[in-house]
Amino acid sequence: MTEISLKVENLRKTFGNTVAVDDVTFEVRRGEFFSLIGPSGCGKTTTLRCIAGLEKPDKGRIIIGERDVTNLPPQMRNVGLVFQEYAVFPHMTVYENMAFGLKIKKLPKDEIHNRVLRIAELLNLEEYLNVRAGRLAQALMQRVALARSIIVEPEILLLDEPLTLVDAKIKELMRRELRRYQKELGVTILHVTHDQLEAMMVSDRIGVMCQGKILQIGTPIEIYDKPNSIFVARFIGSPTMNLIEGRLEQYNDELFLDADDVGIPLYGVSSEKLRGYIGKDVVLGVRPEDIEILTQPTEGSFAGKITLIESLGSKLEIIVELNSVTLHVLSPLRRDLKVGQPIHLKIRPTKAHVFNKTTENNIMLEEV
Amino acid sequence: MGVASKVLRIVAIAIFMAWLMIPIVWTLSLSFKPYLEWRAPHFWPKNPTLLNYKILFFYQREIAGTTGGTALTKPMITPLINTLIVVGVSTIIAVIIGFFTAYGASRYNSPGPFGLYFTLLTRMVPPATFVTPVLIYYRMIGFLDTQLGLILLYAAATVTYSIWILKGFIDQIPREWEEAAILEGLSPLRAMLRVTLPLIKSALVVSGLFIFLMNYSEFLFALVLTTRNAVTLPVHLTTYVGGSGVLYGAQAACGIVASIIPLVIGYVIQRHLITGLTFGMVRA
Chain A
7 MTEISLKVEN LRKTFGNTVA VDDVTFEVRR GEFFSLIGPS GCGKTTTLRC IAGLEKPDKG
67 RIIIGERDVT NLPPQMRNVG LVFQEYAVFP HMTVYENMAF GLKIKKLPKD EIHNRVLRIA
127 ELLNLEEYLN VRAGRLAQAL MQRVALARSI IVEPEILLLD EPLTLVDAKI KELMRRELRR
187 YQKELGVTIL HVTHDQLEAM MVSDRIGVMC QGKILQIGTP IEIYDKPNSI FVARFIGSPT
247 MNLIEGRLEQ YNDELFLDAD DVGIPLYGVS SEKLRGYIGK DVVLGVRPED IEILTQPTEG
307 SFAGKITLIE SLGSKLEIIV ELNSVTLHVL SPLRRDLKVG QPIHLKIRPT KAHVFNKTTE
367 NNIMLEEV
Chain B
53 MGVASKVLRI VAIAIFMAWL MIPIVWTLSL SFKPYLEWRA PHFWPKNPTL LNYKILFFYQ
113 REIAGTTGGT ALTKPMITPL INTLIVVGVS TIIAVIIGFF TAYGASRYNS PGPFGLYFTL
173 LTRMVPPATF VTPVLIYYRM IGFLDTQLGL ILLYAAATVT YSIWILKGFI DQIPREWEEA
233 AILEGLSPLR AMLRVTLPLI KSALVVSGLF IFLMNYSEFL FALVLTTRNA VTLPVHLTTY
293 VGGSGVLYGA QAACGIVASI IPLVIGYVIQ RHLITGLTFG MVRA
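Top line first, the protein sequences correspond to chains A and B.
Take 7 as the starting number for the first sequence in the working numbering and just add one per residue.
Take 53 as the starting number for the second sequence in the working numbering and just add one per residue.
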């Protein structure tokens, strides 16, 4: 069994009448990179601050390592926190910043010195050790903040949107570095971000939050391939998933979606779970890259017309109209397509998601 | 830049400097003039004398006859000591209380219907309004003509300034800096003292100087509330009056001596003034 670094049980936190965190439960395994993602205001930062002890939860338990820390003050919890705003003391040098936490813990001087040098080497901060932290560039400052947090060897490191304020170019580099440090040092990280791409890149597992609740927890691939609800499906992936409302119908053993003036065949989809929904209103979800563009009709294809082609360099983003329905399609680069051209579309087998229209849950993932 | 505009600039500066400096230089010159020249129209003393400064530090009887004969003055030593104690202690109290209040207001929601704006109330009413009630109170509790009485009053009257000056600075220091220190093992109180306090050192010095100067020149309350024991310099200045009128020379000398202290303080802390008066560029 894997060791658990952090366990959050039924966490609830309200501010006045607003419920920020609503019955959140999850676990982070030792050495894992876990990301909580969601739109701003979904309660992910509040969850993080509760774990750090900077907010007091109304209900629930927080267990770090073996200890129940729910009622412990932040300084007793052995967690590190890297903020969106660089929490680096500008009036101290990088060295002093890094040594700050160790001095509080009253470690011997040469032990402090050794640790600072070791972490500085790992994070490439050696040449800045005697520079005043206030003079550093943004990305460097955030690296110092990271160094400060990991040098005290916390049981779990919390990252609160650490890369939001960093320049786009450096951000990409820092994501990769963050991932590398995490694996090299074997730290457990709980990371909070609204950037789904960032979470997909760095995380071992992801928890998707919305309105104070965790909707789905899984590896990035699981969440991308098997979103359990419309919200998760829409939040993860860019360009976003196509969502078409309609009625599920059956014709000659094949299922199709009846969306008023359009019929979209669900070719190759034969899930037993869908049988119970025939004749009912559902939402069909298809990722833009899971739609194939054909020039000739084949089995399971349906007709449409190209209204816009945008080149993304190596790929094309194509907007196709089928009467009242508009679909986004992501296609490999090809030169035979023109705006206004009638074409045929086909959903790749097994790549169609069908959601219950009222509960918004993914029907294919429902327990029978 | 053209020659004309350069000249214009120098002229403008010269006028401004003259406007600022003439009263001070004139006071300085007056303080060295003998009795007969006090009312004379010339600027520089013709027979410079130190007599005026002597009046400040000796009882009048020893220098009788030199100031028109009938003046009865006391040395400025006691008022000077009074002033330093009263102003120094009240400034320190105002800054300390101001810091904690500003910190609380900046970091936590201030309770009550009035909030922090309530503290501005004491500055919205003319001070003269308070004179009579304070006088009656102080008579009742025996604070009249005591240093403690003035200290408490000065600290209460000026704490508003330190609250509002310091709050601006504290607001600019991200809460996360303290939270980071707390997570590294400091208690909230020690995080405040070790992270926030050093960062607003300049602001403490600036608000301290500001309050010091205000209290140093306070006249109204000192005049009403002190008679003999706790007299401060501004009140003492008015006592240089003889049978033949005001002792201008002695007053000028007293003013010069009195202004040395703020001058020295200002010089010592000028490093802080620059950062402090740019109002909180603490991150640079």
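In short, the hints are calculated from the structure, not lab data.
Computed from a predicted structure; not experimentally measured.
Built from N, CA and C at the ideal position, the CB exists for glycine as well.
Heads up, some of the hints might be wrong.
The calculated DSSO-like cross-link candidates involving lysine-lysine, where the alpha carbons are at most 30 Å apart (straight line), are [to be verified]: (1) A:K189 x A:K219; (2) A:K357 x A:K279; (3) A:K219 x A:K13; (4) A:K286 x A:K321; (5) A:K112 x A:K62; (6) A:K363 x A:K352; (7) A:K321 x A:K279; (8) A:K65 x A:K112; (9) A:K115 x B:K219; (10) A:K111 x B:K253; (11) A:K357 x A:K219; (12) A:K62 x B:K219; (13) A:K109 x B:K253; (14) B:K253 x A:K112; (15) A:K189 x A:K115.
These stretches of chain B come out as covered by chain A in the derived footprint (C-beta under 8 Å, 3 or more residues) [stated by the list, open to error]: (16) 181–193; (17) 284–293.
Hints, one by one, checked against the model:
1. Using a Cα cut-off of 30 Å, the hinted pair K189 (chain A) and K219 (chain A) holds, with the two alpha carbons roughly 29 Å apart.
2. The hinted pair formed by K357 (chain A) and K279 (chain A) meets the criterion: a straight-line CA distance of about 15 Å does not exceed 30 Å.
3. Our distance criterion of 30 Å between C-alpha atoms is met by K219 (chain A) and K13 (chain A), whose separation comes to about 16 Å.
4. Straight-line distance between C-alpha atoms of K286 (chain A) and K321 (chain A) comes to about 36 Å, which puts the hinted pair past the 30 Å bound.
5. Taking the CA atoms of K112 (chain A) and K62 (chain A), the gap is about 28 Å. The hint holds against a cut of 30 Å.
6. Only pairs whose Cα atoms come within 30 Å are accepted, and K363 (chain A) paired with K352 (chain A) is accepted, the gap being roughly 23 Å.
7. The hinted pair formed by K321 (chain A) and K279 (chain A) fails the criterion: a straight-line CA distance of about 35 Å is larger than 30 Å.
8. With a C-alpha separation of about 34 Å, the suggested pair K65 (chain A) and K112 (chain A) falls outside the 30 Å cut-off, and the hint is violated.
9. This hinted pair does not check out: K115 (chain A) and K219 (chain B) have alpha carbons roughly 36 Å apart, beyond 30 Å.
10. Taken as a hint, the K111 (chain A) and K253 (chain B) pair is honoured in the structure, with Cα atoms around 25 Å apart against an allowance of 30 Å.
11. Proximity of K357 (chain A) to K219 (chain A) is assessed by CA-CA distance (about 27 Å); at most 30 Å being required, the pair is judged to hold.
12. For the hint pairing K62 (chain A) with K219 (chain B), the CA-to-CA distance comes to about 26 Å; that is within 30 Å, so the pair holds.
13. At most 30 Å may separate the alpha-carbon atoms for a hinted pair to count; K109 (chain A) and K253 (chain B) meet this at roughly 22 Å.
14. Taking the CA atoms of K253 (chain B) and K112 (chain A), the gap is near 26 Å; set against the 30 Å cutoff, the hint holds.
15. For the hint pairing K189 (chain A) with K115 (chain A), the CA-to-CA distance comes to about 28 Å; that is within 30 Å, so the pair holds.
16. Counting residues of the segment 181–193 of chain B whose beta-carbon sits less than 8 Å from any beta-carbon of chain A gives 0, not enough to reach three: the coverage restraint is violated.
17. For a cut-off of 8 Å, the count of residues in the segment 284–293 of chain B with a CB near a CB of chain A stands at 0, and the three-residue condition is violated.
In this structure, the earlier hints numbered 4, 7, 8, 9, 16 and 17 are contradicted, and the remaining ones agree with it.
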